[in-house]
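Okay, here's what each chain looks like letter by letter:
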Amino acid sequence: MRLDLKQRLVLALMIALAGFFTFAVVYAQGGGPAFPTDDDVNRVAQKLYCPVCPNTPLDVCETQACKDWRAQIKDELSQGWSEQRIIDYFVAQYGQRVLAEPQRSGFTSLVWLLPVISALLGLWIVYEILKGWRKSRRAYQPAPGPRVAIPPEVLERIERELRETD
Amino acid sequence: MVTDIGLIALSIAFLFASYATIASAYGGWARRPAWVESARNASLIVFPFLTISVLMVVYSLYTLDFSLAYVYDVSSTAMSPFLRVTALWGGQNGSVLFWAWIMAGFVAVVLLRKWEHDRELMPYVIATSMLTTAFFIGVVLFITNPFQRLWYVQGATDLLKAVFPPANAMPYAASDGGGLNPLLRHFGMIAHPPTTYIGFTGFVIPFSFAIAALITGQSKGDSWIRSTRRWSLVAWIFLSIGLILGGRWAYDVLGWGGFWGWDPVENAMLMPWLTGTAFLHSVMMTEKRGMLKKWNMVLIILTYSLSLFGTFITRTGVVSSVHAFSKSALGPAFFVFIGVTFLGAVMLLYWRWNTLSSEHSLESLLSRETGYVLQNMLFLAITFAVLWGTVFPMFSELITGTKITVGPPYFERVTGPLFFALLILMGVVPGLAWRKQVARNLGKMLWVPFAASVVIAVGWGYLHRMHPASIFGLWLVGFVLSSIVAEFWKGVRARCASRGENPVQALVHLVGRNHRRYGGYIIHLGVILIALGVIGDSFFKLNTQGTVAPGQELTIGDYQLKLNGMRAYSGSDGREITESDLLVFENGRQVSEIQPRQDYFTVQQQPVSVPGVYATAGKDVYVLLVGWELNGDTIKDATFKIYVNSLIDWVWIGGLVMILGTIIGMWSGPEGKEASYVFKPNLVPAIPLPQEA
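Here the protein sequences come in this chain order: A and B.
Everything in the first sequence is counted per the numbering used here, starting at 1 for the first residue and increasing by one.
Everything in the second sequence is counted per the numbering used here, starting at 167 for the first residue and increasing by one.
If you're looking for bench data, these hints aren't it; they were derived computationally from the structure.
Glycine residues also receive a C-beta, built at the ideal position from the N, C-alpha and C atoms.
A few of these clues could be false.
[To be verified] Ranges of calculated distance between the beta carbons of each label pair, as one might list FRET restraints:
no.: 1; chain 1: B; residue 1: 753; chain 2: A; residue 2: 120; range: 42 to 52 Å
no.: 2; chain 1: B; residue 1: 329; chain 2: A; residue 2: 116; range: 23 to 33 Å
no.: 3; chain 1: A; residue 1: 150; chain 2: B; residue 2: 506; range: 51 to 61 Å
no.: 4; chain 1: B; residue 1: 753; chain 2: A; residue 2: 7; range: 49 to 59 Å
no.: 5; chain 1: B; residue 1: 333; chain 2: A; residue 2: 116; range: 50 to 60 Å
no.: 6; chain 1: B; residue 1: 634; chain 2: A; residue 2: 120; range: 37 to 47 Å
no.: 7; chain 1: A; residue 1: 84; chain 2: B; residue 2: 743; range: 34 to 44 Å
no.: 8; chain 1: A; residue 1: 91; chain 2: B; residue 2: 708; range: 27 to 37 Å
no.: 9; chain 1: A; residue 1: 54; chain 2: B; residue 2: 197; range: 44 to 54 Å
no.: 10; chain 1: A; residue 1: 53; chain 2: B; residue 2: 708; range: 23 to 33 Å
no.: 11; chain 1: B; residue 1: 531; chain 2: A; residue 2: 53; range: 27 to 37 Å
no.: 12; chain 1: B; residue 1: 283; chain 2: A; residue 2: 53; range: 31 to 41 Å
no.: 13; chain 1: A; residue 1: 131; chain 2: B; residue 2: 620; range: 28 to 38 Å
Same shape as in the complex, but just chain B (with noise of 0.2 Å):
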């Protein structure tokens, strides 16, 4: 009954889907609007439709309703009711269908709100957002059905999965379920779908209203920027806590001492966040001076296209093997669909391209136009070379027929001087003026964090390793920094000086009175934070591993780390656990005492290491228990792998900063007024002033 509902409730919201895409494209293309209001208000009930769709799989993962495929595959008695209700997202057939509810919930909230303003591009963001959710409720119906029941046919070996019974089978309901994959039992892969999810499908939204304005012409302007920034806020600061999310589990979980091993999937993630970030800069520039417009488009059609070949990297493991393209439908339809909708856009900006022209000329290749120039082509440039690292291992076994990995080092050395040359640009680019800067003023305004960050590099290559390219790391984070909070200082300053207020109460106005530029500048200061934990993992990173009797003692740099003892026991979900308990000794005086254990999952026959980790804002020592042995019922000794990561807790509170930034930033204030106002220098002004004698 509970399956009847959903599948029902999935098939009404296709309908409704196909419908709203060809009736308002229609209604757009004839200038019919009865047309584009009926398919608006189609658009609007395929989201509760789907909702009801969601509700009955989460149901049947909470019932346990082992009949079901998917929840035989994911679920399982010795899961927690609340581990069940997320096991929506923990395979593939559950978190398609997540994804299109997702989607179909950011347009219907785009479709409820006033669009008197965009009148014109309605009808066509209406049928571009719907075509994709059109698609993957597609999806989800014919090819990866969460509905699809277990069959059993008389003299076959394996059950099979259909929605419809098969001929000569009898419906089959397994008493237990394989349950969730024990890597995802983790907060941090609980909320890391749906947070990478709402990035991922939130930029629907600029990409359709991009469409529109191709199609419409009204590309030539920029109320489609307009309308769309804080949508396109939402999706990189959601597609933002999803990578970080996905980081802080790499690093809890897999039990590697890191948090980005460039794995295709991370790298899949990684991409459009790349375009995305340089979309938001990018759109910027067109508002102040007209300029970029071009960019934009092939930076969220980019944007766009590679979210959804993210998923498609992710949801086929295409990447892995080859061969998994064809095992299912779902590889060709994705395929297919990523190229319609990557070649039409193409199309559409070839059709439009004259109209995109720039309104202003540079008046000086040392401003800041130059910069933002510099940075989209440093963002597509990294973006090129993850993409290509991570499609090349398919490319080699397509036309050599050799398996080959492109790991870590490929990426490092490729990617490591671009971003380093973005970050000079993010310390630098804020301090030019548009238009003109005159290089003095410049070197005015820059010398203090330049001087400041050179004592910092120095003072560290002194005190600590000396690794120049750590060196150099920090002075560039130290450059950054320092040119950041020179911003602020400068405002507070001449807030202090002609108000007379106090530097508090001037810092609170300043940020309040231009959220969007200090919002920014706040994120930039998060963004520094993360490059200083990435620079403590990649140059001071110590790790050793080695076996030790209890009461014997492991050393690492300043550490020694002793075995008290070691214990098992039965633990929640269904794991076996063997605990050890370590004290952490800092030059001779304890400091900490750890547990890092390892978790049997019986059903899975999966273990999974559980780290011990002593936190500190300088240093992590992290430590793995990879093996023991025993002698008849005691201990005889065990073997841990430690890691000693400086400064890797910046990335978390690096985090943190980035998404206060972004709440600042989208906040709408007193200035919403103010920033629509668009800075266009080579007007005549308006007010007639006092001609000279």
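The shape of chain A in the complex, shown without the other chains (with noise of 0.2 Å):
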């Protein structure tokens, strides 16, 4: 068979183009560090607490066990597993105690919504005494005091002695 000029261009440029992404794709995985990188597996440890040692997050507790724990992720990230997918399998493992934020649903949920009622309560409280203080000055009703000339010279040191405290 032969091949006419138009068509021996549509061949080689083809040929050019499946031979460009191939190297690219081979050069893209040589250039890059492979996934998952130390910084991709602790992206996923810092979400969760060390579930031997009181309060130290996965990603910086140097213990052995907690080094096996990275290696786990490590692994299961390049099994394709998603984050959500490693932090539920920890927290069936584990426990509820691996997880650094509490959920927001259940018995949990209580340690989100108090400090809100709380503030909600201390601003109705700062609003209650607000209000008290204004109605004692209410029912309180000095008498005018007399009216008083003050020298222009006393009101003036008093102007100029403010200003320096002030």
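Join the two chains, each given in its own frame, into one complex according to the hints.
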């Protein structure tokens, strides 16, 4: 089969394109660090707490157990697990205490709810206090004092001293 | 012999403290001054006896007497003499004794000064403070005794710890001890417990005066506030220093690139600091306006109870596990004591509630009074949020049986907006007048700082990363900062105009004439610098982790780090050190060389990461060595965790500024008399003025 010039050109172009894409894919694989990197692992680990040490986030804990858990996260990420799936897996394995942030449903929603309620209650108390103080002012009406004439030099001195102390 | 002397001194101190409590309460109640005088002398004697006891523990630690259980636990032959001495507060038993000793010292100093002014209050001041001291000495004596010896019983697997010989036991002396926890061998952790304890125990003084004022009915006036103002400031500044040192220790030692992790132990310290700060502000309004008296009482009771609660949390480990509570008698003893203290104080307050009404009314909603009420409420709301987040895991474990963690995301999200509101008040309230503020004048005063802060924030946002919350935060910092500067500027300008002083003279005289006011502004300045550091840490932090072979580079932001080599050697205090050498380049130019390393403590089998830090006023490059691989004898590669922490150094600088401000604020100067002047505008003028015809 003979190809005419036009067909030969198209074929050459297609081979060149295919070659370029192959090269591009190989290059991309070799150029950047392979997924998952340590940073990818830490991004998941920082949302979790070490299941054994008290109050230590998983991304900073340097015990052997935590290193193993981070290696496990790395495995799971490379198997294509989503972040949420890994977190759910850890919760299922070790309980809710591995979550840095308590869940917003069920009993633990109380931890989020109460501060909001208390802040609103606080605002209401502030309102009541200020209202009470205003009321005591209305109840207390001082008799109008004698009108006084203050000599200008005294006024000036007061003004000056006020400026200095202010 | 040494142990016996320490134990006897401790027992005598306990007897005297108990006697002083009872004698002073009886003397006050029956109005028998001789009993009060005797109680005072007994209180004064407690301190020297406790000092003997403390010295005996220190001596045992220093000479490594491993027949003592406490020495065996926290000291070791590999430790330097300095560290051995600081091990006094490196473990449970020693630190409770140390707590009691500092408290006894505080009380002794108060009783040694002239107390003619407070003759009425004194019996109950002694009773309250000595009751607490007696409780702590009792805990040391009966529960966490540092003079317990080690005993060996034939056939038993563990050594026994007891003061007196158990049945069939032989005394046992180990050849070496466990040594101080490696994480605690840092200047921040050596200085942090003493400063924190001074802060915690210092609040016993204002608390005792408050209780005495409630019992005697003197709570109506404010003499108890005047007598304790300086004590409250001392306690507060030491608590502040303790917080900052703790943060610095976490930053240098714990290896997570930050200084605050919302850990229960940190929160335990933050809570009394928050209520204590509110108290310091609140009493100012009582001095000036005779208002907020109930608040002062509530705040000092909370501050003191939270100080005890903080000690309870840190010393019993109850938050990390509820089960720690029942492991020793310490938990229940503390729990009962805190309960009695808190409920007793609240009942007293309830009894005197009606005597604590305001002497004045509110003239305008736009006034400094409103600002003070709001700030008190904000401090309380933050305290509650922190308390709730700290104790919630305990409730969860008790009620549902599930262990949960309440981590930084909760605390940041809940307290963040409240702290922002508090900072806004800090910028606005100093510009408000007492009683009534004309809105137009307020606008006149604040528009310059406001405009300046907007320019700063927009400029910053344009130059750097556009994170909306960070720009808002920087606006806030800019606003408060420029409003403080404006306060100084106003005062200096007035003095320059009226007295013809040059600006430097005017500034010195301005601060010199009103220590309290300008000391306060300087403290605010420190707080706002810390806020700047916190904003940098929250919004501009970069971090990465990577593995490199020698000669290779890691890149983060504008920085490149090149691994230059590694070495291993033996260090002091029984540690094996693996140290890396990194060259730091900024945009291709070498700026520093740092040595992040890992110290392995062989006795405790514990690794400790020591970061390598390249610090500038703008940024810290903070590098941790987290692992390495060997290829035979040579290094194959090493893994580093790198943080670029923006603005973090302003936290430490802010801390120093706060200390400076507090020292200025406490200084008694020419304004001593002026400060006691009470502003009571509703009174009829005492000097008759010429009547208008």
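Hints versus structure:
1. B/753 - A/120: 42 to 52 Å: holds (50 Å)
2. B/329 - A/116: 23 to 33 Å: The hint (23 to 33 Å, Cβ to Cβ) is violated, given that residue 329 of chain B and residue 116 of chain A are roughly 51 Å apart.
3. A/150 - B/506: 51 to 61 Å: For residue 150 of chain A and residue 506 of chain B the Cβ distance comes to about 58 Å; the hint holds.
4. B/753 - A/7: 49 to 59 Å: holds (54 Å)
5. B/333 - A/116: 50 to 60 Å: holds (58 Å)
6. B/634 - A/120: 37 to 47 Å: violated (25 Å)
7. A/84 - B/743: 34 to 44 Å: For residue 743 of chain B against residue 84 of chain A, whose Cβ atoms are near 41 Å apart, the range 34 to 44 Å holds.
8. A/91 - B/708: 27 to 37 Å: holds (29 Å)
9. A/54 - B/197: 44 to 54 Å: This hint holds: roughly 52 Å between Cβ atoms.
10. A/53 - B/708: 23 to 33 Å: The hint (23 to 33 Å, Cβ to Cβ) holds, given that residue 53 of chain A and residue 708 of chain B are roughly 26 Å apart.
11. B/531 - A/53: 27 to 37 Å: The hint (27 to 37 Å, Cβ to Cβ) is violated, given that residue 531 of chain B and residue 53 of chain A are roughly 51 Å apart.
12. B/283 - A/53: 31 to 41 Å: Between residue 283 of chain B and residue 53 of chain A, where Cβ atoms are some 53 Å apart, the hint is violated.
13. A/131 - B/620: 28 to 38 Å: holds (34 Å)
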